[in-house]
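Chemist: Position chains G and L with the ligands against the provided structure of chain Y, taking the given hints into account.
Take a look at the letters that make up each chain.
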Amino acid sequence: MSGRNGFWALLFHTVFVIFVLAPIVVVCVVAFTPEGYLSLPVNGPSLRWFEALLNNRDFVSSFQASLLLGTISATLAALIAVPTAIAIVRHEFPGRTALLSLCMSPLMVPSIVLGVAFLRFLSQIGLGGTMVGLVISHVIIITPFVLRTIMNSLGSLDSALDNAAASLGSDGMTTFRRITLPLIAPGILSGWVLAFINSFDEVTMTIFIASPGLTTLPVRLMLYIEDSIDPLVAAVSTVLIVLAVLAMVILDRLFGLDRMLIGTNDADKDK
Amino acid sequence: MSPVTKADNTPSASFLAIDGLTKTYNKVTVVDRFALEVEEGEFVSLLGPSGCGKTTTLQMLGGFVDPSAGSIRLEGRDLIAAPPSKRGLGMVFQSYALFPHMTAAQNIAYGLEVRKVPRAERDERVRQALDLVGLGAYGDRYPRRMSGGQQQRVALARALVIRPRVLLLDEPLSNLDANLREEMQIELRRIQQTTGTTTILVTHDQTEAMALSDRIVLMRAGRIEQIGGPEAVYARPANSFVARFLGKTNLFPGTVGADGRSISIGSHVFAAPAAATPGATIVAVRPEKLGFGEGGIRGVVRNRVFQGTQWLVELDTEHGPAIVQRQNLGAVPPAIGEATGLVFEPDAVHLMAPEADK
Amino acid sequence: MRAISRPLPFLLSIPAALIFVIFLLLPLLGTLILSLQDFSLATGIRPVYELANYVEIFSDSYFFDIFARTARIAVFTTLVTIVIGAPEALILMRMKAPWRGIFLLVALGPLLISVVSRSLGWALLLGGNGMINQALMSMGLIERPIQMMYTEFGVVIAMSHVLMPFMIIAVMTTLQRLNPQVENASHSLGAGSFTTFWRVILPQMLPGIMTGAILVFAMAASAFATPQIIGGRRLKVIATLVYDEFLFSLNWPLGAALAMLLFAVVIVVAIGLNRVAEGYFARMYK
Ligand SMILES: Nc1ncnc2c1ncn2[C@@H]1O[C@H](COP(=O)(O)OP(=O)(O)OP(=O)(O)O)[C@@H](O)[C@H]1O
Ligand SMILES: [Mg+2]
Numbered sequence: 001m002s003g004r005n006g007f008w009a010l011l012f013h014t015v016f017v018i019f020v021l022a023p024i025v026v027v028c029v030v031a032f033t034p035e036g037y038l039s040l041p042v043n044g045p046s047l048r049w050f051e052a053l054l055n056n057r058d059f060v061s062s063f064q065a066s067l068l069l070g071t072i073s074a075t076l077a078a079l080i081a082v083p084t085a086i087a088i089v090r091h092e093f094p095g096r097t098a099l100l101s102l103c104m105s106p107l108m109v110p111s112i113v114l115g116v117a118f119l120r121f122l123s124q125i126g127l128g129g130t131m132v133g134l135v136i137s138h139v140i141i142i143t144p145f146v147l148r149t150i151m152n153s154l155g156s157l158d159s160a161l162d163n164a165a166a167s168l169g170s171d172g173m174t175t176f177r178r179i180t181l182p183l184i185a186p187g188i189l190s191g192w193v194l195a196f197i198n199s200f201d202e203v204t205m206t207i208f209i210a211s212p213g214l215t216t217l218p219v220r221l222m223l224y225i226e227d228s229i230d231p232l233v234a235a236v237s238t239v240l241i242v243l244a245v246l247a248m249v250i251l252d253r254l255f256g257l258d259r260m261l262i263g264t265n266d267a268d269k270d271k
Numbered sequence: 001m002s003p004v005t006k007a008d009n010t011p012s013a014s015f016l017a018i019d020g021l022t023k024t025y026n027k028v029t030v031v032d033r034f035a036l037e038v039e040e041g042e043f044v045s046l047l048g049p050s051g052c053g054k055t056t057t058l059q060m061l062g063g064f065v066d067p068s069a070g071s072i073r074l075e076g077r078d079l080i081a082a083p084p085s086k087r088g089l090g091m092v093f094q095s096y097a098l099f100p101h102m103t104a105a106q107n108i109a110y111g112l113e114v115r116k117v118p119r120a121e122r123d124e125r126v127r128q129a130l131d132l133v134g135l136g137a138y139g140d141r142y143p144r145r146m147s148g149g150q151q152q153r154v155a156l157a158r159a160l161v162i163r164p165r166v167l168l169l170d171e172p173l174s175n176l177d178a179n180l181r182e183e184m185q186i187e188l189r190r191i192q193q194t195t196g197t198t199t200i201l202v203t204h205d206q207t208e209a210m211a212l213s214d215r216i217v218l219m220r221a222g223r224i225e226q227i228g229g230p231e232a233v234y235a236r237p238a239n240s241f242v243a244r245f246l247g248k249t250n251l252f253p254g255t256v257g258a259d260g261r262s263i264s265i266g267s268h269v270f271a272a273p274a275a276a277t278p279g280a281t282i283v284a285v286r287p288e289k290l291g292f293g294e295g296g297i298r299g300v301v302r303n304r305v306f307q308g309t310q311w312l313v314e315l316d317t318e319h320g321p322a323i324v325q326r327q328n329l330g331a332v333p334p335a336i337g338e339a340t341g342l343v344f345e346p347d348a349v350h351l352m353a354p355e356a357d358k
Numbered sequence: 001m002r003a004i005s006r007p008l009p010f011l012l013s014i015p016a017a018l019i020f021v022i023f024l025l026l027p028l029l030g031t032l033i034l035s036l037q038d039f040s041l042a043t044g045i046r047p048v049y050e051l052a053n054y055v056e057i058f059s060d061s062y063f064f065d066i067f068a069r070t071a072r073i074a075v076f077t078t079l080v081t082i083v084i085g086a087p088e089a090l091i092l093m094r095m096k097a098p099w100r101g102i103f104l105l106v107a108l109g110p111l112l113i114s115v116v117s118r119s120l121g122w123a124l125l126l127g128g129n130g131m132i133n134q135a136l137m138s139m140g141l142i143e144r145p146i147q148m149m150y151t152e153f154g155v156v157i158a159m160s161h162v163l164m165p166f167m168i169i170a171v172m173t174t175l176q177r178l179n180p181q182v183e184n185a186s187h188s189l190g191a192g193s194f195t196t197f198w199r200v201i202l203p204q205m206l207p208g209i210m211t212g213a214i215l216v217f218a219m220a221a222s223a224f225a226t227p228q229i230i231g232g233r234r235l236k237v238i239a240t241l242v243y244d245e246f247l248f249s250l251n252w253p254l255g256a257a258l259a260m261l262l263f264a265v266v267i268v269v270a271i272g273l274n275r276v277a278e279g280y281f282a283r284m285y286k
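Quick mapping for you: the protein sequence lines, in order, are chains Y, G and L. Residues in the first sequence are numbered consecutively from 1, following my numbering. Residues in the second sequence are numbered consecutively from 1, following my numbering. Residues in the third sequence are numbered consecutively from 1, following my numbering.
Bound-form chain Y, shown alone (with noise of 0.2 Å):
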């Protein structure tokens, strides 16, 4: 698009970043107010509420169980996405789009139906409520995530690369583990980043199968805020939304956020 963004395009787009950044802007100020109920900071930041959630021993909980389980499913995930992606872009056989379709499928499914499922069968199977079945369900869901990079990743490179390894005497493994996988590393990370995230961040499905006693973070500010809504809520969300960034930055740095979502050309992004 050669075009130029006039004045109404400018317009609009004022109005846009407004309406993207103010629900988002509202909670991390809200988390700064001295006072006891939901307000502006007016009268100077604080950091009462912060405070409030390093002494809510639920939530601190919370967000050790959503850290370990984000940490043991995103490496689950790209652990089960790797060799699968190498079948699916580097070999032609058999069910080939058949496994594609089954490792994609989790994203076509409503989070509401999975959670109703997992809570059934894991109970079922005497899983229920513990960190083995989040763990499950977890990576159900991410596997898709890291897949997607990694299979992009391994698309885009030169399939030349493999067959002049080989043409200089490297086995299959050694050309995987010294050609393949060091090209495909940012890939891999990038795709744990983001499965990582997705697991961090996922309500819908986990509400159905966390316990009390095992509760992820947004589940327990879900379940919260269906009581009430204070200022330890923005606060919490405040905390999520710096995590947020942070990982923006990593995938950024890494990979291109906008390579990553859109699939920019690279010509774009030649360095």
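Derived by calculation from the structure, the hints in this document are not laboratory data. Only true hints are included.
Which bits of chain Y does chain G cover? Going by a derived footprint, with three or more residues having C-beta under 8 Å, they are:
| # | segment |
| --- | --- |
| 1 | 153 to 163 |
| 2 | 167 to 174 |
| 3 | 177 to 189 |
Derived DEER-like restraints, expressed as beta-carbon distance ranges:
| # | chain 1 | residue 1 | chain 2 | residue 2 | range |
| --- | --- | --- | --- | --- | --- |
| 4 | G | R141 | Y | G155 | 23 to 29 Å |
| 5 | Y | V132 | G | G51 | 51 to 57 Å |
| 6 | G | G51 | Y | S101 | 32 to 38 Å |
| 7 | L | G192 | Y | L11 | 18 to 24 Å |
| 8 | G | G196 | L | F281 | 56 to 62 Å |
| 9 | G | R190 | L | L18 | 54 to 60 Å |
| 10 | Y | S101 | L | V48 | 30 to 36 Å |
| 11 | G | S50 | L | G192 | 41 to 47 Å |
| 12 | Y | R177 | G | S147 | 26 to 32 Å |
| 13 | L | Y49 | Y | E92 | 40 to 46 Å |
| 14 | L | R199 | Y | L54 | 56 to 62 Å |
Don't be surprised by glycine CBs; every beta carbon is placed ideally from N, CA and C.
Modeler: For chains G and L with the ligands alone, kept in the frame of chain Y given last:
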């Protein structure tokens, strides 16, 4: 018609013997009974139009495509059973396929590392290889930061450093601009002669094939049309396809007289260069062998292009279009619209059987 | 494609295939079966196989109202994301070097922020004494707060915000493939900006808008967190109803039947729209 197809399967004494090599994709045969014997140290080019099966042939040699039939023997050893990594062939890919996360030196060292060549020897051989391709100072550069010609040299050094029995090159120069390509052709020939490595080059550029090779294998639609030295295939193409593919040529329908000693193109009759089979024939004359003069074939100049060192003149003759190439020695050829005669020495012609013309 | 060792791709596929069959297909199948079973507080879940739950859903106007509301919210959310997202995608596309990257982060970054946090932000803005009402009252534009929480309007606004990035991504992906010269060509032929937009750019954006619309509709129809926070108990949609059936009424079979119906509607609408779009665009681009 593939003139060199051999029926027997006896192991050959030659260095590299390819016989009956065939590849079929879903009933479509893309390489059809390819047969070739290559001597040690020879430089052979596979030449043909796009899609004629050159890459497929080379990939079968390299082990990256499974042949549907045929045999490949290197020094009497059957290659087909060996995986690519055990064939000991060096390969340069059209895209170079340099490992982007390794420096030039690391790229070159890779083949030696997987062969477990000791450190000291490895470093020495990498250094020699870099020197051989004239990149002594560039060992620490990453491919991304090298020019096309430099990347191409790294790819060549990487393939040569493992001392391959045969070097396979798939259009290695096609990504380079014209000047660099010529420079690299000379370089490639020099390096090949220095190392004495048997080389098979795939190209669709006939000047490249002629400039580099000891022998040229001309392919069309999966089949070999002709094999021979550059001068031989240029001067004596087996059919009109080969004649046209190897540069511009004029093809006139003619008749060989009953005695086999005279040839007529319409009313123009001249002596046959050698005894020929009486009957219809196709007379091929290269544009540089045609001149303007009295008699000969009558034609009218359609277009005239000045190219500095030479003139290129296109004519419409009574026997179809013709093209004449004259060195610029000061004389100006006939102008557009002018009628003239086209003359040639009787021994400048090459006769081809008409049925070979598709 | 190389055709070396044949068993390799199968070996590589085994982990994923096993995990997805056991932990995705089996649970979904289990839910389908569960939706056929019967529940009462006295007996719990009884292993019968009948369509009673579905019959109940179709014959009770209570459920119909909730399905209708869910559809309304999903449709309006889709429309809002189109009307705002599509032009914004074009504007982003036309931005130059540093700005484009910055505003792309602004537009798409919220994807990485928890839905709960984003919905909470809207609750703070839309509430009875939320920022919007306070601002309007202090400017003297209104006397009493406008009711926006617990309304379909509020849910649509918040959900449009949550799903906007998907529309922008879809449209930008399409715009990415356009030949930038086409626009110049149109101008060179004497067309003004408006004509160029209407006749040249918009038609080329349509496939992206369609993809985005399908995605947004599917997610809006099955969204849970935003309707739960903004709509509350009073304004139920299918997803929040399923949640209530499972965790409060404990009628799992009915909840499962609702979930399966929601799933079916979303899939049918998505596939149907996709067909229509493909048929239409195939003609255009063949
Ligand atoms: N994997 C494949 N499956 C089916 N057909 C193939 C495959 N690979 C190549 N072909 C076909 O085989 C024919 C020969 O291809 P090949 O790549 O060998 O041609 P080429 O001579 O190298 O051409 P070019 O000069 O364009 O590189 C082509 O018609 C091509 O379409
Ligand atoms: Mg080729």
